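For the sequence shown, position 22 (counting from the first letter as 1) is numbered 7 according to my numbering, and the numbering increases by one without interruption.
Simulated from the structure, these hints should not be mistaken for lab results. There's no promise every hint is true.
Claimed, not checked - For lysine to any residue, the following SDA-like pairs were computed, each having C-alpha atoms within a straight-line distance of at most 20 Å:
id	residue 1	residue 2
1	K9	A40
2	K9	T19
3	K9	E(-13)
4	K9	H35
5	K9	H20
6	K9	G21
7	K9	T27
8	K9	V39
9	K9	N30
10	K9	T31
11	K9	I38
12	K9	L33
13	K9	F32
14	K9	Q(-12)
15	K9	E(-11)
16	K9	P26
17	K9	R42
18	K9	L36
19	K9	S43
20	K9	P28
Unchecked claim - Between beta-carbon pairs, the in silico distance windows are:
id	residue 1	residue 2	range
21	W5	P28	15 to 21 Å
22	E(-13)	Q12	19 to 25 Å
23	S44	I3	35 to 41 Å
24	K9	E29	19 to 25 Å
25	L36	E(-11)	30 to 36 Å
26	E(-11)	N30	40 to 46 Å
27	S44	T4	42 to 48 Å
28	W5	R41	35 to 41 Å
29	Q12	Q(-12)	16 to 22 Å
30	E2	F32	28 to 34 Å
From a predicted model like this one, the values you see are computed outputs, not experimental measurements. A virtual CB, placed ideally from N, CA and C, is assigned to each residue, including glycine.
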Amino acid sequence: LEQENVNLKALKQMNPEITWGTLKQLQERAEILTHGVGVAPTPENTFLAHLAIVARRSSHQPPHVISR
């Protein structure tokens, strides 16, 4: 039982609960990223920005810059 509690605690730290605030922050960062890259904020580009941000957070590494 103690091991299960430790595993659950570790899982919670790795995957914090998603709130409306975290979604709003993700959207704001996506807007900044699309603006910084110089692409139109279309739904497709915004979605790709979301993926880049989530991937960077998951790997704890800076995102790769792809030149156009």
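Outcome of the hint check:
1. Among the hinted pairs, K9 with A40 is consistent with the structure: their alpha-carbon atoms are about 17 Å apart, no more than 20 Å.
2. For the hint pairing K9 with T19, the CA-to-CA distance comes to about 15 Å; that is within 20 Å, so the pair holds.
3. With a C-alpha separation of about 36 Å, the suggested pairing of K9 with E(-13) is violated against the 20 Å cut-off.
4. Among the hinted pairs, K9 with H35 is consistent with the structure: their alpha-carbon atoms are about 11 Å apart, no more than 20 Å.
5. Distance check on the hinted pair: K9 and H20 sit about 17 Å apart at the alpha-carbon level, within 20 Å; holds.
6. As the CA atoms of K9 and G21 are separated by approximately 18 Å, the hinted pair is consistent with the 20 Å bound.
7. For the hint pairing K9 with T27, the CA-to-CA distance comes to about 17 Å; that is within 20 Å, so the pair holds.
8. For the hint linking K9 to V39, the alpha-carbon distance of about 13 Å falls within 20 Å, and the restraint holds.
9. Using a Cα cut-off of 20 Å, the hinted pair K9 and N30 holds, with the two alpha carbons roughly 17 Å apart.
10. Under the criterion of a C-alpha separation no larger than 20 Å, the hint pairing K9 with T31 is consistent with the structure, at around 13 Å.
11. With a C-alpha separation of about 13 Å, the suggested pairing of K9 with I38 holds against the 20 Å cut-off.
12. Taking the CA atoms of K9 and L33, the gap is near 16 Å; set against the 20 Å cutoff, the hint holds.
13. Of the pairs offered as hints, the one joining K9 and F32 holds, with about 14 Å between alpha carbons and a cut-off of 20 Å not exceeded.
14. Proximity of K9 to Q(-12) is assessed by CA-CA distance (about 35 Å); at most 20 Å being required, the pair is judged violated.
15. Among the hinted pairs, K9 with E(-11) is inconsistent with the structure: their alpha-carbon atoms are about 33 Å apart, more than 20 Å.
16. Taking the CA atoms of K9 and P26, the gap is about 16 Å. The hint holds against a cut of 20 Å.
17. At roughly 16 Å between alpha-carbon atoms, K9 and R42 fall within 20 Å of each other, so this suggested pair holds.
18. The suggested pairing of K9 with L36 holds, with an alpha-carbon distance near 15 Å, which does not exceed 20 Å.
19. Restraint check: the Cα-Cα separation between K9 and S43 comes to about 18 Å, which is no more than 20 Å; the hinted pair holds.
20. This hinted pair checks out: K9 and P28 have alpha carbons roughly 15 Å apart, not beyond 20 Å.
21. Range check, W5 to P28: about 20 Å between beta-carbon atoms, so the 15 to 21 Å window is met.
22. Between E(-13) and Q12 the beta carbon distance is about 40 Å. The supplied range of 19 to 25 Å is therefore violated.
23. A hinted range of 35 to 41 Å for the beta carbons of S44 and I3 is inconsistent with their spacing of about 18 Å.
24. Distance hint for K9 and E29: a CB-CB separation of about 20 Å, consistent with the stated range 19 to 25 Å.
25. Distance hint check for L36 and E(-11): the Cβ-Cβ separation is about 33 Å, which falls inside the suggested range of 30 to 36 Å.
26. Here the CB-CB span from E(-11) to N30 is close to 42 Å, well matched to the stated 40 to 46 Å.
27. In this structure the supplied range 42 to 48 Å is violated for S44 paired with T4, their Cβ-Cβ distance being about 22 Å.
28. Taking 35 to 41 Å as the suggested C-beta distance range, the pair W5 and R41 does not conform, at roughly 21 Å.
29. Look at Q12 against Q(-12): about 38 Å separates their beta carbons, and that is not inside 16 to 22 Å.
30. A C-beta distance of roughly 22 Å is found between E2 and F32, which places it outside the suggested range of 28 to 34 Å.
Checked against the numbered hints above, the structure violates hints 3, 14, 15, 22, 23, 27, 28, 29, 30; every other hint is satisfied.
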